[in-house]
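Protein chains: 2
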Amino acid sequence: MDKTVGVLGGGQLGRMLVEAANLLEVKVNFLDAGRSSAKQVSNHDDHIDGSFKDPEAVQKLAAKSDVVTIEIEHVNTEILEQIADQTDVQPHWKTIRTIQDKYLQKELLKSHGVAIAQSLPLDAPTAEDLEKAGKAVGLPLMLKSRKEAYDGKGNFPVRTKDDFAPALEALGGNKNLYAEKWANFRMELAVMVVKTKEQVLSFPTVETIHENSICKLTYAPARGVSDTVNSQAQELARKAVACFDGKGVFGVEMFLLQDGALLINEIAPRPHNSGHYTIEACPVSQYEAHLRAILDLPLHTEDLELREPAIMLNILGGDTPDSHRKFAAEALKHRRTRIHLYGKGQARKGRKMGHITVCAPTMSEAETIIQPMIDYVDQANPQSTRSASAQPKESQPLVAVVMGSDSDLPVLQPGLAILNKFHIPHTVRITSAHRTPTWMASYASAAASQGLKCIIAAAGGAAHLPGMAAAHTPLPVIGVPVKPTIGDGLDSLLSICNMPKGVPVATVSVNNSINAALLAVRMLGMSDPGMRRRYEEYMVESEREVREKDTRLAEMGAERYAEVYLAKK
Amino acid sequence: MDKTVGVLGGGQLGRMLVEAANLLEVKVNFLDAGRSSAKQVSNHDDHIDGSFKDPEAVQKLAAKSDVVTIEIEHVNTEILEQIADQTDVQPHWKTIRTIQDKYLQKELLKSHGVAIAQSLPLDAPTAEDLEKAGKAVGLPLMLKSRKEAYDGKGNFPVRTKDDFAPALEALGGNKNLYAEKWANFRMELAVMVVKTKEQVLSFPTVETIHENSICKLTYAPARGVSDTVNSQAQELARKAVACFDGKGVFGVEMFLLQDGALLINEIAPRPHNSGHYTIEACPVSQYEAHLRAILDLPLHTEDLELREPAIMLNILGGDTPDSHRKFAAEALKHRRTRIHLYGKGQARKGRKMGHITVCAPTMSEAETIIQPMIDYVDQANPQSTRSASAQPKESQPLVAVVMGSDSDLPVLQPGLAILNKFHIPHTVRITSAHRTPTWMASYASAAASQGLKCIIAAAGGAAHLPGMAAAHTPLPVIGVPVKPTIGDGLDSLLSICNMPKGVPVATVSVNNSINAALLAVRMLGMSDPGMRRRYEEYMVESEREVREKDTRLAEMGAERYAEVYLAKK
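For the record, the sequence lines run as chains A and B.
Residues 70 to 638, numbered by our numbering, are exactly what the first sequence covers, in order.
Residues 70 to 638, numbered by our numbering, are exactly what the second sequence covers, in order.
Simulated from the structure, these hints should not be mistaken for lab results.
Keep in mind the model is a prediction, meaning the values are calculated, not measured.
Check before you lean on any hint, since a few could be wrong.
Remember, identical chains collapse to one label, so a pair may be satisfied in a single copy or spanning two.
[Unchecked claim] Mimicking DSBU-like on lysine-lysine, the simulated pairs with C-alpha atoms at most 35 Å apart in a straight line are:
1. Lys490 <-> Lys618
2. Lys266 <-> Lys402
3. Lys618 <-> Lys570
4. Lys133 <-> Lys230
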């Protein structure tokens, strides 16, 4: 903590970095223009005014700093190579140099066996070259600049031969291009990885939604993605970052393909837009993690865990110079909303001016809170080509309702109505313990990693489903005995309830799916105060209803009451 | 958000205030010495170097600012009164003037019917005056300076007549003293209150632990305090703050007396040490809440709710100038630990140099994480008179295990062993549905507000306890049927399970308290990933045990196995 950090660049990433550094009394010197975003929140005389591409200025910064790092990768790595003799440069200048060239970046990853899209280098290509490339990697393909490309700049999608001419017109002047195989992805994921002296750690897997190739939204954790894919994505991201020398955080963007495979899209050797959410959502933010990594300070796996589901929405410049401030004023009207403005002055159309983060006990609560703010952004940009994936998704189900046979469904319907009444996202499935034993086992085993919180299982007769599900999951299982065609259902009840010591099932009475659902609501309310409040309101309402009946009965007398109210039944 | 805020004082409270302001692009001008703590994180030319007691400097600040506020109440309110003609001063200068004089502060509260300790003004008292005061309010009493007192400075406890002379020696030169009735408190609580243009809102009730009259620890929420007391404390705090004019946050410190009554101790008209935890633990911090209040920006009740239990530990200056940085280096070794250093340079003994905050899914987890850091602090200050209440408390129970009769206890013991195995804080009580119906009802009704998360209820025969408990609480209730003297327990099981629609009980099999406890573990694991990991380990371990038995059985043959292993039973 006694070391001074020098940073090339002083934009919003530098600003959030120094906000973390201020907490630790770590001095940070920025090299950037006068009152740039980062310098505004760090008041001392050792910042350097100038361009982070100016060799002399970088030398000056190095002379004042024990560790030099970057908040943008488009730096002069020759100078970094020079100053590395006298100062610690993190991550290694070779890493920055390799990553700067997206084609080399991918070649390096490929040589380490990391899954990436097939790529072909193209040096000032002609239409003919594009035709060849199209044969090699297939059409559509993505024509990309190897260097200085970000936020979609330097990329051109080539869908058919008709796109060759416009593609060459847009990027043809550039010698350093490459063609990348089109990734037919289901969604885009991102993982922030921290490379310390000894370890490679990772933050959770998040879902990113881009609009016009600029990051718009980040959902942490990624919605509708199993813990298995989540872990695979983190492993892939750690494996990719382990290929590079040096310390610090790395932003790893990847594609989840339609077939479930994961592919690295690209890597940033610095804090990243897709990691902003960590400021509120994790015990240690990506910015503090970067500092801890480059300064050899301790960092723990648990520091990078998610405290609560979070959604980040970027604030981009709109049509007026104060559009971002107007949006912020609007956002303040919403609960649980944390605003970050970057101090960049007047807005330019599409420029990143700030972001907001909403954390809540459940993702569906966070989605509900942020939706009006997404709507506000979308209204302000009617001409924007809204990406299909920006549409609200179905919420991550919290409760799985399973049955052995569709004949049990009518018994479960009153319970499903209760789940709907309490706005609990749920999924309803048929997983028979006897006719689909493997499917039943795999479904129950994966339930926890799918983000489910509890299982309601209905079964009649032998009624093995609830107990078998409980044997395969650490989640609480609620068993609903179904009355079979023969007998009163006591057999179902006892079969569900009489589990051996070690594997519990929460049993309710025969056909009572309402109580099963209410039990699930009570369980979710243990950690979600809003849910508990709604349950308490339900209890009051339910008491009121019975008291009204009592009043009516007293007023009408038993005989008339039975005629009017019970005759119907 | 377009208004400029001027702040008298630029210490750590100002620093954390401007950290919040930076996020909203709200410009803050500080009046304080050169590179004071707050100015270090706010880089512009409109700060004013000087004393916040200097009338001219305050005038200058006012001329540059749309709203003037304070981060310390020991300011010159005559000047605030003057500038109030040209600038908005928040909170109102009258409020600051009244609060500055602790005796007047209490008189005002008293006149509004707010519970405070009995107080007597003493103007340059003699031993005789103290004797009279002792008769009026009783001995021991607290002799206090009316003004300029903080962190225990200006307070002198007068326990017996022997303390008169030393008390007068310590404070006697001061004309403005008062005697305060001794508060025999069970614990000290604090609530941060936000007074906006229209509303009086409050953060949660926290527990504060003082050492040598300086705040050492804050526990949010207060441990072992019912939601009822929690709400009462918030109501009292809001009522107290409503007595004062103006907008902003107020720190309200109070005593919870042995008899359960609440008494205001004192009020600070600004952000407060006991509210630092809000930075990590609430959607909006006390600092941002102060800004939103004085700038008439929106604020919502839910913004002030607790996201996770949190503990704050102050970092006080030790014996060496870098003691606080050494402590911070030590604290970094612990997971989930957020460090705040204030940039105050070299430490002075006992000076507030920073603080740490630990948030975790449960209070007992937060306590486990922070304990070594408390131990480190205590080791470094062996001569400190450690307050008895700084000792770790029994953890907030998460599970209540209740039974109708102590004869059910043996059935519950294996379940209690499971709760202990999983380190789940729990409480065991006798609440008979038939012999103590009122007590049973009041216990179950209060359970949620006591911080309990679920109830395990055992009963035999008529076995009404689980269902009756469920009727009184929104928490999940797990019913354990106990085998009665007559019959096999099926009667107990059906009585517990067959609840009417609307009131669920999670029923396990007869005498199976192990499954009841495991069900509670699964429920807690829904929102506590650490608990779920431990449960998964338990499942693996349990599978391993059975597999070992199977191997042994296969090796030994059935006959020999039965002889060796089953004969004992």
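Hint-by-hint comparison with the structure:
In the homo-oligomer, the alpha carbons of Lys490 and Lys618 lie at most 35 Å apart inside one protomer (22 Å), although the nearest pairing across protomers, at 48 Å, exceeds that limit. Proximity of Lys266 to Lys402 under the C-alpha cut-off of 35 Å is restricted to the inter-copy arrangement: shortest distance 15 Å between copies versus 44 Å within a copy. Taking the shortest alpha-carbon separations for Lys618 and Lys570, only the inter-copy value of 16 Å comes in at or below 35 Å, while the best intra-copy value is 43 Å. In this assembly of identical chains, Lys133 and Lys230 lie within 35 Å of each other by CA distance neither inside one copy nor across copies; the values are 54 Å within and 63 Å between.
Of the numbered hints listed earlier, the single one contradicted by the structure is hint 4.
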